[in-house]
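Participant: Going down the list, the sequences are from chains P and D. Counting from 0, one number per residue, gives the positions in the first sequence under numbering that gives the first Met the number 0. Counting from 0, one number per residue, gives the positions in the second sequence under numbering that gives the first Met the number 0.
To be clear, the hints were calculated from the coordinates, so they are not data collected in a lab. Please read these numbers as outputs of a predicted model, since none were measured by experiment. One or more hints might be untrue.
With the Cβ distance kept under 8 Å, some of the chain D side facing chain P (calculated, not the full set) [what the hints assert, rightly or not]:
id, residue
1, Glu33
2, Leu40
3, Gly69
4, Trp100
Glycine is no exception: its CB is placed at the ideal position from the N, C-alpha and C atoms.
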Amino acid sequence: MSEPWEEEGPGTVKKFMYVNRKAPYGTIYALESLEVVLIAAAFEQDVSMAFLDDGVYQLKKGQDTKGIGQKNFSPTYRALEGYDVEKLYVEAESLAERGLSEDDLLVPVEVMSREALAELMNEQEVILSF
Amino acid sequence: MSMLHTVNKSPFERNTLVSCLGHATAGSAILLIEDGVYGALEGTAHSDLLRGALADHSVYVLGPDLNARGMTDDQVIEGVSVVDYGGFVDLTEKHEKVQAWL
């Protein structure tokens, strides 16, 4: 008899999307999202991250947290590639509202329209929101 | 009686800044801290809101919170003063009361 967690058998890969909508540092959401993304990556899942609304601020270049006594976790976004997390999607409308462009971001991303991102969300099997 | 208002939420996520500006009487000071610093930036969908407040209020933004978020002093709306933690203390001392908009 198989255990519940074995029902889908080994090697099941699902499409996971992590939706990031919060600015860094003001709340713990951005950092917690990174932690959980790395767990899914360790289980060799098909992981993508979407950045929209204030979530786009997580990827802003030049973060320097010396003055606030918190850890600067922004270099972690550049390390995600090493964990096969390569699909980073950023919503164009969210960047524009904030006066930001792709050049302001610290890691290569795919900038897409809200409409295209909505489609991509529809294709996911699991969506986790931060 | 002069009041110092602090705002610590992003204007994109909450209506805290709008509410603060709606209640802050002329002559009171406004200090943007933590995620509130996004409200002090030039070229965003909310820049006009803060620019409008400069006529009746002195507006300050906390530099260490700006820098943590990858922003620099020159991205701040003209007329908004960047202060450090010492400046924060000075502001609280200078004003009779502090109203924190959470």
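Participant: To test your reading of the hints: which numbers does this structure violate?
Facilitator: Violated hint (a single one): 4; every other hint is consistent with the structure.
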